Amino acid sequence: MATLKELSKREELLAGGHRLCAGCGASIVVRQILLAAGRNVIVSCATGCLEVATTIYPYTSWRVPFIHSAFENSAATACGVEAMYQSLKRRGKLPVDEEIKFIAFGGDGGTYDIGLQSLSGGLERGHDFLYVCYDNGAYMNTGIQRSSSTPLGADTTTSPAGKVIPGKQQYRKDLTDIVEAHHIPYLAQASPHNWKDLTQKVEKALSIKGPKFLNVIAPCHRGWRAGVNQAIELARLAVETCFWPLYEVEDGKLTINYKPREKKPIIEWIKLQGRFSHLLKPENEHILRRLQEGIDAKWESLLRREGEK
Amino acid sequence: MGKPVAMTGNIAVANAMRQINPDVCAAYPITPSTEVMQQFASFVADGKVDTELVTAESEHSAMSACIGAAAAGGRVMTATSANGLALMWEMLYIASGNRLPIVMMVVNRALSAPINIHGDHSDGMGARDSGWIQIYSENAQEAYDNLIQAVVIGQHRDVRLPVMVGMDGFIISHSIENLELLSDQEVKDFIGEYLPLYPLLNIKQPVTYGPLDLQDYYSEHKRQQAEAMKLAKPVILKVAQDFAALSGRKYGFFETYRLDDAEMAILTLGSSAGTARFVIDRAREQGVKVGLIKLRLFRPFPMKELQAALGHLKALAVMDRCDSFGAAGGPVFSEVRSALYDLSPHPAVVNYIYGLGGRDLGIAHIEQVIRDLQEIRQTGSIRELITYLTVRE
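Going down the list, the protein sequences come from chains A and B. Numbering-wise (my numbering), the first sequence opens with residue 59 and increments by one. Numbering-wise (my numbering), the second sequence opens with residue 55 and increments by one.
Just so you know, the hints here were simulated from the structure itself, not pulled from any lab data. Please note that the accuracy of each hint is not assured.
What the hints assert, rightly or not - DSS-like mimics (lysine-lysine), calculated; alpha carbons at most 27 Å apart, straight line:
1. K292(B) - K57(B)
2. K231(A) - K356(A)
3. K287(B) - K242(B)
4. K322(A) - K356(A)
5. K151(A) - K242(B)
6. K329(A) - K311(A)
7. K147(A) - K258(B)
8. K258(B) - K267(A)
9. K262(A) - K258(B)
10. K368(B) - K147(A)
11. K339(A) - K262(A)
12. K311(A) - K254(A)
13. K63(A) - K258(B)
14. K258(B) - K67(A)
15. K368(B) - K343(B)
16. K343(B) - K151(A)
17. K258(B) - K151(A)
18. K292(B) - K147(A)
From a predicted model like this one, the values you see are computed outputs, not experimental measurements.
Take these sequences, add in the hints, and give me the full structure.
In C-alpha cells:
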C-alpha cells in the first residue's frame, strides 16, 4: 500500500484548472482515487458536475483516457471499453505486458437512480471494473434536486422545507446493500477525510479481478449549505456520527474499517448544514429522531454482521 | 462464386456477423431480431468467432457498451428492433456524434402502442435524424450483402459514422429464402483490418471522449457530421462497386425496374418491392407504362440522384410503411417530394401509407395504386394526396 510520501510524489492525473467549485468534495475524492490507481486506467464518467466541469471543450483535466457518453450509463459504457480490452487482448492486438484497469464514476443521481440498472447489469455480468459512486446526496449539477440518496429531512429544490412539508420525507436508499446483493468480490464505503482508508480500498479493489464497487461520500457545500472550507470536516463528521460508516465486504466477509470511540449524535453533523436548519425547530424534532433511529439501526446491523461467523 | 444456401433473413445476417467476426457485440433480445443474437451467441459459444459478447440488461446499455467498445478502438456490432431501437434513442445520437462506426442490424418492426411485433418501418424512420447511415434491404440476400458493406462504409476515414441496415421484421427475418454466402475468407478480405482512430485503449496517448461542447464549438462539430454524411455517398458507391466485383451483385443508392421508358412509377423501400415488380410486369403486359424504384439508401438521402432518375415521370406513388402523424405525409414521401420540387415540370407525387404492424400488402393493393396513377396521368390532377392503403375505413 502506498504511503503518503509516495502518493504525494505521484503525478496528478486530474489536472488542476477544472471548473469544479472551490472546496468540492468530489474533486478531492477523484484525485485521491487516481493517485492510488496510477496511470494505467481508463475512466468512464456519468453526466454530472464531475464530467461537465472537467471536460469543457477544447480542454480536459483528464491525464488518463476518459469517456463520458450519457447520464445513466457510466457502468455500461465502462463495460464496453473493458469488453473491447478483453477482446483485443485475446486477439493479441494489445501489448502483452500492459495491464489496464477500468474505473467508472457516477454521482448519486447517476448511480442510485437513473444509472442503477446499468450498474446492476455490469456487476451481474462480472466485468473487470471498479465502479465509484461519489455521493453528495442530491442532483447537484442541475441545482440540488432530491435523489434517492438525499437524507431524510434534507431541504432540496424538489423536496423543499416548506410550510407544510418539512423537506425530504423518505430515508435514503441503501445502495451499498443493494450492490452487496450482487455478491461481487469487493465493495466498500469510504470517505475523503480518511485518505489512507480510501486509497487502500482503491488499491485493493484494483488488485481484484471482477466487478468492484466503492461508495464515497463527497460533501457539496453548495447543496449542503455549508462553508467552502468544510468538505473534509463534513466528511469526517459523517463518519464520526455513523451516518457514513466506513466498511468493506470482501468475498462476503464484512469488516468495519473505523469505529468511532464515541459515536456522535447526528445533530453534530446536521447543525453545520443549512439544508437541515429547519430540523432544529422544535416542531421538527421527530424528523431528527427518525433520522437518528435509521442511522442507529444501520450501525447496529453492521456491528452484528461483523460479529457473525 | 458464392455458396447457395437456404436461410431466414435473421440467420443470414447472423452468418454475416460470424464472417465479420467483430471484436465486441453488445445486444439485448427483442422480437423479431432476437434470433440474430441468439444464433450469434451460438457462434461465440462454439468458438466460431472471437467476439466478446456483452449480453446487456437493456438496449440502452447495449448501445452504451457498443459506444464504450467502439471508442476503446475496435469493430463493434449489434442488432435490435422497434422498442429496443427506441430505448437506444439517446445513445444513437451519442454514437454518431462521437463518430463511432458501429454497425447495427435493425429488423424493422412497428412501435408500440398498441404493441405489435410485426414488420413496419416506424422504428428506423423514427431514427432518421440520429446521424446514422441508413440502408434498407428487400430480402435476405440484400440484408446479408448490406451488412457486410456497412462495415466498410462506416469505418472509412472520410465517413466514421455508425450504420444501420434495415430488413422487414418477419416478412424477411423469419422467411426462408435462397441466397448466396461469400466465403469466410472473402468477407475477411473485403472488410479488411479495423484501424482505430484515437482509441481509449492507447493509454500512452490519453484522449477525452464526450466532453462538454458549448456554443463556441458545438455548431462546428455538427457541421462536420453533416459533411461526413455527404462524403459517405461516394464511399457507399465505391464499396458497392467493390462488392459487385466480389459477388456479382450490384448495388446503388436505389434500384430501378422498367423505369427508363415509364410514365408512372412506384417507389418502395424494403420487402414490398417484390410484390410491386410482379404487378408492374402484369401492367406492362397490358401496355401500362409503369416502373419501379426501390430506395436502398435513406441516409444520406440521395436527393440529386432521385431527381435525375424520376424527373421524366408524369406521376409517382411513394409507398411508406410508416406514418408520420401530423406531417406532410410519410417520411419517405415528404423527402422524395421535396427532392422533386426543384424540377420543372415535376411529376405529380402521391403517398400511400401501408402495411403498418405487418399488414400484408397484396397484389390488389398495388393494382389500385397503378389505377390511381393512371387517373392522375390522364386528368393531370390528384384526388388524394395521402391514401391509407390496406386499412379498413
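Against the structure, the hints:
| no. | hint | verdict |
| --- | --- | --- |
| 1 | K292(B) - K57(B) | holds (24 Å) |
| 2 | K231(A) - K356(A) | holds (12 Å) |
| 3 | K287(B) - K242(B) | holds (23 Å) |
| 4 | K322(A) - K356(A) | holds (15 Å) |
| 5 | K151(A) - K242(B) | holds (17 Å) |
| 6 | K329(A) - K311(A) | violated (35 Å) |
| 7 | K147(A) - K258(B) | holds (16 Å) |
| 8 | K258(B) - K267(A) | holds (23 Å) |
| 9 | K262(A) - K258(B) | holds (24 Å) |
| 10 | K368(B) - K147(A) | violated (60 Å) |
| 11 | K339(A) - K262(A) | violated (44 Å) |
| 12 | K311(A) - K254(A) | holds (21 Å) |
| 13 | K63(A) - K258(B) | holds (26 Å) |
| 14 | K258(B) - K67(A) | holds (20 Å) |
| 15 | K368(B) - K343(B) | holds (11 Å) |
| 16 | K343(B) - K151(A) | violated (58 Å) |
| 17 | K258(B) - K151(A) | holds (15 Å) |
| 18 | K292(B) - K147(A) | violated (33 Å) |
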